[in-house]
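S.K.: Protein sequence lines correspond, in order, to chains A and B.
For the first sequence, the numbering used here begins at 158 and goes up steadily by one.
For the second sequence, the numbering used here begins at 611 and goes up steadily by one.
Incorrect hints may appear among the rest.
With a straight-line Cα cutoff of 30 Å, these simulated BS3-like cross-link-like pairs (lysine-lysine) come out [as the list claims (entries may be wrong)]:
no., chain 1, residue 1, chain 2, residue 2
1, A, K191, A, K339
2, A, K259, B, K698
3, A, K339, B, K757
4, B, K705, A, K346
5, B, K757, B, K730
6, B, K637, B, K705
7, A, K339, B, K730
8, B, K681, A, K346
9, A, K233, A, K276
10, A, K222, A, K233
11, A, K260, A, K339
12, B, K698, A, K222
13, A, K180, B, K730
14, A, K206, A, K222
15, A, K251, B, K646
16, A, K180, A, K339
17, A, K339, A, K234
18, B, K646, A, K346
19, B, K637, A, K346
20, A, K260, B, K698
21, A, K251, B, K747
These are computed hints drawn from the structure, not numbers from a lab.
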Amino acid sequence: MKKLVFTGLFLIGLATMASAQLKPGDKAVPFNLKNVDSEWVSLDDYNDKKGVIVVFTCNPCPFSKAYEQRIIKLHKKYAQIGYPVVAINPNDEKVSPDDTFKKMQARAEEREFPFPYLKDETQDIYKAYGATRTPHVFLLTNDQGTFRVAYIGAIDNNAMEERSVSERYVEQAIQALENGKKVEPDVVKAIGCTIKTRG
Amino acid sequence: MKKIFLIFGLALLVQITHAQNVGLLNKQGLEDMLNKTGDTIYVINFWATWCSPCIEEIGFFQELHQAYEGKPVHVILINLDFPNQLEKRVIPFLKEKEITAEVLSMTELDYNAWIPIVEKDWSGAIPATLILRDEEKKFIPREISRKELFALVENISIN
């Protein structure tokens, strides 16, 4: 009987872990991933920053493409006040052949990404964060040496037309952090392609 | 001057909807569609040309559309490519696949404004299929097989 209960508890534990998804306020999951310049980039490298705009994104998804220039602009605008962008490609390249490391390098070079574009080779990081889309933003804030999640979701409310955007969720969240105000909303459903995985 | 633009815009719109045989759908149109009452079965599929599982299953919806021709089964394919891709990608794709079922292009680009209307907990991931008749509603937020699709429509029409 005891054994059964233990097994049961263990299984419940596993199930909970599998569906783990970060929520605002949670401690961010540390990562150390290979950048398109073949250097490794870890979250710890950003300890002197006020925060990090982590964007799970990829090469071929039309939503990622539509947001590409806006992600570059976010970095240019906010890196200088302490919130740089770190882009992470979570897709399995067997399922999504446009997301090989080589093609990531080509994309980053062609578009002159001013931020790292990291490969989540084992797909552990996107799962630990609970990202489901490309693009999917996790805005992290540096809470006295510990990165915590401040905002999760969409970049803004109009993927196709930047000029029709009326809600800039990520920018509004950073402004709130800068002004010591509550981030609201702190979760907005991310719109985009599903993350490609073999399971 | 404004009037000229308006007329020009309308003419362009009419031409687009006519020539491409793809209608436009906004939030209000979607709400109206989902609130229809009566005996007609609505089979509504959300898809895009960039979504490979969508493309794999779109033929089943065309088959369904043909199989139920003349019967109160209305297949509607709601396209989620960006509207500026209609001419370049969507229409050529529909021609190539010989799709004659109704296709509507979603023009409400704030997706979070309309996703919850379809189903409260839907993430917006596609493909997704909604089968409706009056108060009956079946939502399949994933790929669907030919067999499952036909069985669902068959079941709802027997009830």
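S.K.: Taking each numbered hint in turn, which are not upheld by the structure, reported in ascending numerical order?
M.R.: 1, 3, 4, 8, 11, 15, 21
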